[in-house]
Amino acid sequence: GQQVMQIPQYQHVQEGEDFTTYCNSSTTLSNIQWYKQRPGGHPVFLIQLVKSGEVKKQKRLTFQFGEAKKNSSLHITATQTTDVGTYFCAGQSNQGGKLIFGQGTELSVKP
Amino acid sequence: NAGVTQTPKFQVLKTGQSMTLQCAQDMNHEYMSWYRQDPGMGLRLIHYSVGAGITDQGEVPNGYNVSRSTTEDFPLRLLSAAPSQTSVYFCASSPRADTQYFGPGTRLTVL
Chain C
1 GQQVMQIPQY
11 QHVQEGEDFT
21 TYCNSSTTLS
31 NIQWYKQRPG
41 GHPVFLIQLV
51 KSGEVKKQKR
61 LTFQFGEAKK
71 NSSLHITATQ
81 TTDVGTYFCA
91 GQSNQGGKLI
101 FGQGTELSVK
111 P
Chain E
1001 NAGVTQTPKF
1011 QVLKTGQSMT
1021 LQCAQDMNHE
1031 YMSWYRQDPG
1041 MGLRLIHYSV
1051 GAGITDQGEV
1061 PNGYNVSRST
1071 TEDFPLRLLS
1081 AAPSQTSVYF
1091 CASSPRADTQ
1101 YFGPGTRLTV
1111 L
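First to last, the protein sequences are chains C and E.
For the first sequence, position 5 (counting from the first letter as 1) is numbered 5 according to this note's numbering, and the numbering increases by one without interruption.
When you read off a place in the second sequence, starting at 1, and then add 1000, the result is the number in this note's numbering.
Simulated from the structure, these hints should not be mistaken for lab results.
All C-beta atoms in this analysis are idealised placements derived from N, C-alpha and C, irrespective of residue type, glycine included.
Take the hints with a grain of salt, since some may be wrong.
[Claimed, not checked] Computed footprint of chain C on chain E; a stretch qualifies when at least three of its residues, placed anywhere within it, have a C-beta under 8 Å from a C-beta of chain C:
1. 1033-1040
2. 1068-1079
3. 1095-1109
[Said to hold, decoys possible] Simulated restraints, written as ranges between beta carbons of each label pair:
4. 1056/E to 8/C: 41 to 47 Å
5. 3/C to 1009/E: 28 to 34 Å
6. 28/C to 1008/E: 38 to 44 Å
7. 1020/E to 26/C: 41 to 47 Å
8. 1080/E to 94/C: 46 to 52 Å
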């Protein structure tokens, strides 16, 4: 079945450093979504990418969808303590199909 | 709008007991899903529904039942609780089977 792998599992950075998490799917995706979960909270939708090679930005966050629509990345520039949490990617193999989540990357930021 | 609500917030069960986790949404979303979250495993889909009267299995359906008699409600039933079902359970709803709106979660411990 469809699998979505996400690396790294943990990332510890100094405030101000950059951070990147990577997501790889075993199958071609219709779309990929990114979520953030603060400690003790629930996942919150950040963005959805649909087009091959798509790049979207939200302030210091940059999201990319690979040309083959099988991988994606989230890059945070100059991390802040408010970025702490777990970032999940989630892939959908066809519109209306099951959404499969990656294992998540837990980001900690040292002030 | 309350969004997605889940009850209870916490629950402790003994092995073999049954219970129902409640989930309700007031956004008139057609799609609803149940996920479990375990350390290092990300969010795994248990069951989902694409509309009232329609349900389907996700990645880890064994030991769980669902029904969808109304658009608003999507309860998850544990038939005979086992320690392996100790987890945090999230319900989510979606207008178009893409962006997921998560509830606050139910933390379940099975002794």
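For each hint, the structure was consulted:
1. Counting residues of the segment 1033-1040 of chain E whose CB lies closer than 8 Å to any CB of chain C gives 3, so the stated coverage by that chain holds, three being the minimum.
2. Here's how the segment 1068-1079 of chain E fares: 0 of its residues keep a CB closer than 8 Å to some CB of chain C, so the rule of at least three is not met and the hint is violated.
3. Here the segment 1095-1109 of chain E counts 9 residues with a CB under 8 Å from a CB of chain C, which clears the bar of 3, and the coverage holds.
4. Our hint of 41 to 47 Å for residue 1056/E and residue 8/C is violated, since their Cβ atoms are close to 32 Å apart.
5. Judged by the Cβ atoms, the range 28 to 34 Å given for residue 3/C and residue 1009/E holds: they are separated by roughly 31 Å.
6. Checking the proposed 38 to 44 Å range against residue 28/C and residue 1008/E shows it holds: the Cβ atoms sit about 40 Å from each other.
7. Between residue 1020/E and residue 26/C the C-beta distance comes to about 34 Å, which lies outside the given range of 41 to 47 Å.
8. In this structure the hint that residue 1080/E and residue 94/C lie 46 to 52 Å apart at CB is violated, the actual value being about 34 Å.
When the structure is compared with the earlier hints, violations turn up for hints 2, 4, 7, 8 and for no others.
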